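Number of protein chains: 2
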Amino acid sequence: MKIGSDGPEMGSGPIHVAMHRAKGNDMRIEILCTGDEILTGKTINTNYSHMAQRLGEAGLEVGWGTTVGDDRASLLTSFRQAAARADAVIVNGGLGPTVDDLSQEMAAEAAGVTLVLHEPWLARMEAFYARRNRPMPVNNRKQAMLPENAEFLDNPIGTACGFAVTIEGTRFYFTPGVPREMRRMLDEQVLPRLLAKAGLQSVTRLKRFHSFGIGESRADEMLAGIEAFAPGGGVKLGFQAHYPELETKLAVRGAVPSELDRKLAPMETEIRRRLGNFIIAEDDQSLESVVLDALRARDGSLAVAETFTGGIIASRLLQVEGAEDLFRRGLVSRNPDQLAAAVGTTVGSFSPEGARAVASALQVQSGATHALAVVVTMDTGAAGIEAGGAISIGLADLEGTIVREAWLAGGREWVRLGAAEMGLDCLRRRLLGLPTDERLDFERR
Amino acid sequence: MKIGSDGPEMGSGPIHVAMHRAKGNDMRIEILCTGDEILTGKTINTNYSHMAQRLGEAGLEVGWGTTVGDDRASLLTSFRQAAARADAVIVNGGLGPTVDDLSQEMAAEAAGVTLVLHEPWLARMEAFYARRNRPMPVNNRKQAMLPENAEFLDNPIGTACGFAVTIEGTRFYFTPGVPREMRRMLDEQVLPRLLAKAGLQSVTRLKRFHSFGIGESRADEMLAGIEAFAPGGGVKLGFQAHYPELETKLAVRGAVPSELDRKLAPMETEIRRRLGNFIIAEDDQSLESVVLDALRARDGSLAVAETFTGGIIASRLLQVEGAEDLFRRGLVSRNPDQLAAAVGTTVGSFSPEGARAVASALQVQSGATHALAVVVTMDTGAAGIEAGGAISIGLADLEGTIVREAWLAGGREWVRLGAAEMGLDCLRRRLLGLPTDERLDFERR
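Here the protein sequences come in this chain order: A and B.
Sequential numbering from 1 applies to the first sequence in UniProt numbering.
Sequential numbering from 1 applies to the second sequence in UniProt numbering.
One chain only, chain A, in its complex shape (with noise of 0.2 angstroms):
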C-alpha cells in the first residue's frame, strides 16, 4: 500500500486516495503514452484503449493514463509522478532510433543509473540487416542502449527492444509505439509479468460472441447471473457495442489451461442457450465468414442486388479470403428500374415485392444457388414522425424465394448499416435452417 505514503500531493490539501482502485487485487497500474504524434491529436491513440482494454480482459485494471511529448522534462516529470502514483506503469513509445526519441535516455536518468549497451540486442539487430543485405544505420546502435540492469524485453518483429527498470519503487515497462510491435510484447512480456506481479494465476483467455438484434442493455438482463456458471469464478463478462453488432465478452483467469477450459465450457453453453440464434459468429469468426462457411459446405455460391446500402453487403463479402470462389455477383443501384433491367425483370419497386422479383431473378441469371437482394425505404422524418427506413429482403435459393419485411428507426447510416447486416442474417439463418422472421430489438412498427 504506496497510499499517503509519499506525502502530500501538489496543490493544497492531502489526498487520501490517489488513483482509482482496481477491483480484484490491489495493484495500481498507469499507462503513460508519449510522443508529439500522439500529444497533437495527429495520431488518435489507439494504443492507448487496447492497452488498457487487454489490461482489464486479464482482470486488472488501469487507474491512469498520462500523455506527454517527446520531450525531457515532461517525460521525467510524468515518471516520477506516475512512479508516485501508482505500482506498475506501461511506457509506451520513444524506443525509435532517432533523435526524438527519449524513453531509454530518461528512463535511465529517472532511475538514477547510465546507459549500457545490451550486446545480445545489438547481435540481433545486426543479423537482422545482415539478412536483408544491407547495413545497420549508425542510428539504431541507440536502440540497444539500455538503463543499467534493465530487464529486457524482447521484440522479436522490430528493432524497438522493450525493457522493465524500476524508478523510486515502481516498476516501469517501456514498449514500442509501433502498434503490432506494441500488442505483442504487451500479450507475450508485460502481461505475464503484471499477472505474476499481482499474485494473479498467469493464463488467461478471452472468449467472445457476436450477436445481431439485441441491444447491450437486454443482452445485459438475458444474461443476469452467467457468472454462477462458471465453477470456482474467476470468470468477468462485458459487453461492446459495434452497431448494429454486438460483442459479448468472458475474460477467463486460470492457472492451467485446461482449467480455462473447465470454467468456460459451462458458462459458453448457457450463452448459447440464452442468446440463442441471435449470435452470428464467435471470436474470430464475423457474420460474413460465417455465410461464406455455410455456403462452401453446401457446394452453395452467391449473388446480391443492394440498393440503399451502396454495396457494403460486397464489400464485407468480398474481403474474406477465398470469398471470389463463392461470390458470383453484385449488383448495386438505387434507381428501380436499372435494377430490374440489370436483373432481367419488369418489377421494378423497391417493395417487398419488388425484392422477391430481383431475388429469383438474379439467381435465375447468375446461376448462383442463392441470390439475395435487400432493398430499402427511407421514410424522411417529417415533423412528429420518426425517421427510418423499411427495409426488404428478398432471399432465393433451390427451394424457392422467402422475403423478409422489418422497419428500423434511424438517420440513412445507421438504416444502411443495418439494412446490410439483417441481409447478411437473413442469409445465415436461411443457410442454418433457423427461422428467418425472429424480430429484433431495432425493429419498430
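Bear in mind the hints are in silico, worked out from the structure with no lab data behind them.
All of these numbers come straight from a predicted model, not from anything done at the bench.
Check the hints yourself; a few may be wrong.
Below 20 angstroms or equal to it, Euclidean Cα-Cα: the simulated SDA-like pairs (lysine to any residue) are [claimed, not checked]: (1) B:LYS42 to A:ASP325; (2) A:LYS42 to B:ASP36; (3) B:LYS236 to A:THR40; (4) B:LYS236 to B:LYS42; (5) A:LYS42 to B:HIS50; (6) A:LYS42 to B:ASP187; (7) B:LYS236 to B:LEU206; (8) B:LYS42 to A:PRO179; (9) B:LYS42 to A:ILE44; (10) A:LYS236 to B:ASP283; (11) B:LYS42 to A:LEU206; (12) B:LYS249 to B:ASP283; (13) B:LYS249 to B:GLU216; (14) A:LYS249 to B:ILE44.
Given the structure of chain A, go ahead and fit chain B onto it with the hints provided.
Using the frame of chain A, we list chain B on its own:
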C-alpha cells in the same frame, strides 16, 4: 511563469520545467479526459485527438494529457496536478445526469466553493423537454448545478452545459463528453477564450486541400517556403495522411475575417499551382463529391464495374446525398467470366483489354454517359518479390474508351484502397479534361 513556484514535485529531485512549452506563446494547456469508458479503453479517445488538433490549428499547443475514471479521488488529484502544471485546462466528460457524472461536484470541491442552481439553464432544459411533450427527468436538474461564480459555457445542442472556473490560479473549462456537443462548445466557447487569454488575435480559419498521388514527404518538399506567400505571416502548414489521400492544411489566424482572406488567397493560389492536378478536392469536398458534381454539370450518368475493390467505389459514391440520380448501376465480381457475362461481352480477363471491353459494354448496357471498370491482379509476393497489384482502369465515355495501367506496391487492403481511389481519380481527371497518365508516387515498375 508558474514553473517551480509550487515547490518540488512528488519524488526526489527538483523538476525545472514541468511541461513542454508551446511555440509562439507562453500558455501551457492540458487536456483532462474523464470517464471509465475512456480509462478502460472501451471507447477510443477521439475527443482528445480532436481537441488537441483544433487547438494546434488555432496556434495553441497542448502540453499534457491526462485520463482518469469516474472516481472522486482521481478527479480531485488530477485537477490539482493540472492546476500546478498548466495555465489552462480543458476537462472533457462527467457533465451528464447520472450519479457517476462528477465533474461539477469535484470542480466545486477543488475550487473551494459550493454548487448553486443555474436558473437560466434549468429553464432551458425544461423548455427543451416541454417542446417534446415530455416531463424533464428529475436527474437532469443536476446538470444545472454549477460551482458558485462559474462562467457559463453554452451548449445549444444538448442538456450538458459547460462552465469555467478557476482552481488554484488556473482556468478550467469543463466540456461535455458527447463528441458533437464537445466540438461545438470547443469552437464557439472555449477556443475564443483561450485565444484571448493567450493574447492571440482571435479569428481563425482552416483551409484544406485533399490530394492523391503525392506522399507526405514529397508534398513537404514541394511546398517548401510556402508560408512566405502569406502577407504578414501567421499561417501554419500541416499534413495529415489518410491513405491513399493526403490532407494539406493551412491554419490561419488574424484580427478580422478579411485579414484571413488576404493572407490565404496568395498561399492558396501557390499551393494549387505546385500540387496541380493532384489536388482532388478542397475543404469539405471529397473525391467522390467532386466526381458527382462534374458529372451533374455535364448532365452525365455513371455505371461502375469493380473486381478486386469489392464494391468500395460504388459504396463511396452512393454515400453522397443525391448520388442515386446519377449512379445507374454498379457491378461487383471477382470472376472474369461472370463479369463479362453480366455486361454482355465475351472478353473475360483481368487485363487492360478486359478493362477496356467491360467499360465499353457496360456503358452501352446501362445507358450511362460514363462507365468505369477497375480490374486488379495481385502479385502474391513470393520470396524477393515485392507484393502488390497490377491495376487496369477502363473508362468509356461518349468520346471513346481509354485504359490507364499502374502497379501499386502493398498488401491486399493497400492495393484495394489504392485501386478504388485511382479509378475515381481517373474519372475525375477525364471529366475535368486533365491528363489521366500523370505518375503517382505510389506507382512502381
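Against the structure, test the hints numbered earlier, and report the numbers of the ones violated in rising order.
As far as the earlier hints go, 1, 2, 4 and 10 are violated by this structure, in ascending order.
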